[in-house]
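Novice: Spelled out from the first residue to the last, the chains are:
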Amino acid sequence: MDLLSMRESYLSQRIMLCFNGPISRSLIEEIGNALRNYLNSQQATPSAAMDVFAAYIEMTQNIRHYSRVKGYDEESASATVAVAKNEDGHYMVSAGNLVELEDGEKLVATIETLADLDKQELKKAYKQQLRQPRDEDSNSGAGLGLLDIARKSSQPMQASLKALPDGRGFFSLTATI
Amino acid sequence: MTTDLNIPGSQSTPAIRSDWQAGLLTMQGDSYPENSYELFDQVIGWVEYFIGHESRPLSLELELVYLNTSSVKAMMDIFDLLEEAHLGGREISVTWRYDPRNERIAELADEFREDCTFPFAITPTRVET
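Residue numbers (our numbering), protein chains in the order written: chain U, 1 to 177; chain L, 178 to 306.
By construction, these hints were calculated from the structure, which means they are not laboratory data.
Cβ coordinates follow ideal geometry from the N, Cα and C atoms, glycine included.
There may be inaccurate statements among the hints.
FRET-style restraints, in silico, Cβ to Cβ [as the list claims (entries may be wrong)]: (1) L:THR179 <-> U:ALA163: 53 to 61 Å; (2) L:PRO277 <-> U:ASP88: 23 to 31 Å; (3) U:ALA115 <-> L:PRO234: 40 to 48 Å; (4) U:ARG131 <-> L:GLU211: 17 to 25 Å; (5) U:HIS90 <-> L:THR179: 46 to 54 Å; (6) U:ARG7 <-> L:GLU238: 26 to 34 Å; (7) U:PRO133 <-> L:ARG233: 26 to 34 Å.
Produce the complete structure using the sequences and hints provided.
Specialist: Structure follows, in C-alpha cells:
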C-alpha cells in the first residue's frame, strides 16, 4: 500500500479527517467525537464546530438510513467521509455512498433545487418538512437532513453521481460551512 | 400517576428526568440517536399522561445542546402537545438554558418558540471567565 501517496493526497486537499468503510452507529459516534476534538483544538468557534458536526451527523445517518431501507449488505453499506478546510478557511464536509442510479438522480435534482433557495426559503421548507407525518418523512428519507445541511452551509451544496459498471451509482455530497 | 422517567445521558442521548409531583420534566445534553423516537416515545408518553390525568401546571427545564433532525422532530411533537394543552387552559412553561458562547443553541430554541404561545424563556447560563 502506498501510504505516502495517500498522505500527500490528503495534505494537498487539506483533509483533516477521513474514513472509508462499513459505517456503524457506534463508529459514527466515535468519528464524530474525534471530529469535535479536532475542531476544538483548531480553535473553531463553537457555532462553526457545531455546524460541521451537524453536517457530518446528518450525512452519515442518511447513508445508514438509506442502506437499511435498501437492505444493503455490509460492503454496499459502506461510506466514504472526509472533512477538510478550504483555502478561505471554510470547513468542508463530504460524504459518498453507493446508491441505486435512479435514487441518485433524484437526490442530485433535489440538491440542485435547494441551491436556488435563500436562507428564508430554506427555513420555510425545513419547517414544512418537519411537519410531515412521521411515516411519510421516513419514506422520503433524506429530505429533512438535507435541508438542515443546506441551512448550515455558506454556499450551495455540491452533489455528484457517477454511474458504476454494476448499474449502481456512487453519490457524493459536499457541504461548505 | 405513572412511573417517572430517569434516563441517564450518553454520548448521543440526553439525560431525561421527570418529576410527577413537581410537574417537571428536565432534559440535558446532546441528542443525535439514529431513531430519536426509540428514546422520545416514552417522553411523549409521559407528557401525554400528565396532561391527561392532572390539571396542575407542567414545566420543562431544558439544557439541550445539539439536536439532529430526528430529535428536532421528536421535540417538536412534545412542544405541540404542550401548545395544545396551553390552548386548552393549562399552565405551561419552558426554560431552555444555553451556553452564550454558542449562539446556535439559542437559534434552535428560538425556532421552537416561534410556534408556541406559552411562556418560553431562552436563558444564557453564566460563563466562568
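Novice: Take the hints in turn and mark each one as holding or not.
Specialist: Cross-check of the supplied hints:
Distance hint for THR179 of chain L and ALA163 of chain U: a CB-CB separation of about 54 Å, consistent with the stated range 53 to 61 Å. Between PRO277 of chain L and ASP88 of chain U the beta carbons are some 27 Å apart, a value that agrees with the proposed interval 23 to 31 Å. Against the hinted window of 40 to 48 Å, the Cβ-Cβ separation of ALA115 of chain U and PRO234 of chain L comes to about 46 Å, which satisfies the hint. For the hinted restraint 17 to 25 Å between ARG131 of chain U and GLU211 of chain L, the CB-CB distance of approximately 21 Å keeps it satisfied.
Checked against the given bound of 46 to 54 Å, the beta carbons of HIS90 of chain U and THR179 of chain L, roughly 49 Å apart, stay inside it. Taking the beta carbon of each, ARG7 of chain U and GLU238 of chain L are about 48 Å apart, not inside 26 to 34 Å as hinted. The hint said 26 to 34 Å for the Cβ distance between PRO133 of chain U and ARG233 of chain L, and at roughly 31 Å that hint holds.
Checked against the numbered hints above, the structure breaks only hint 6 and satisfies the rest.
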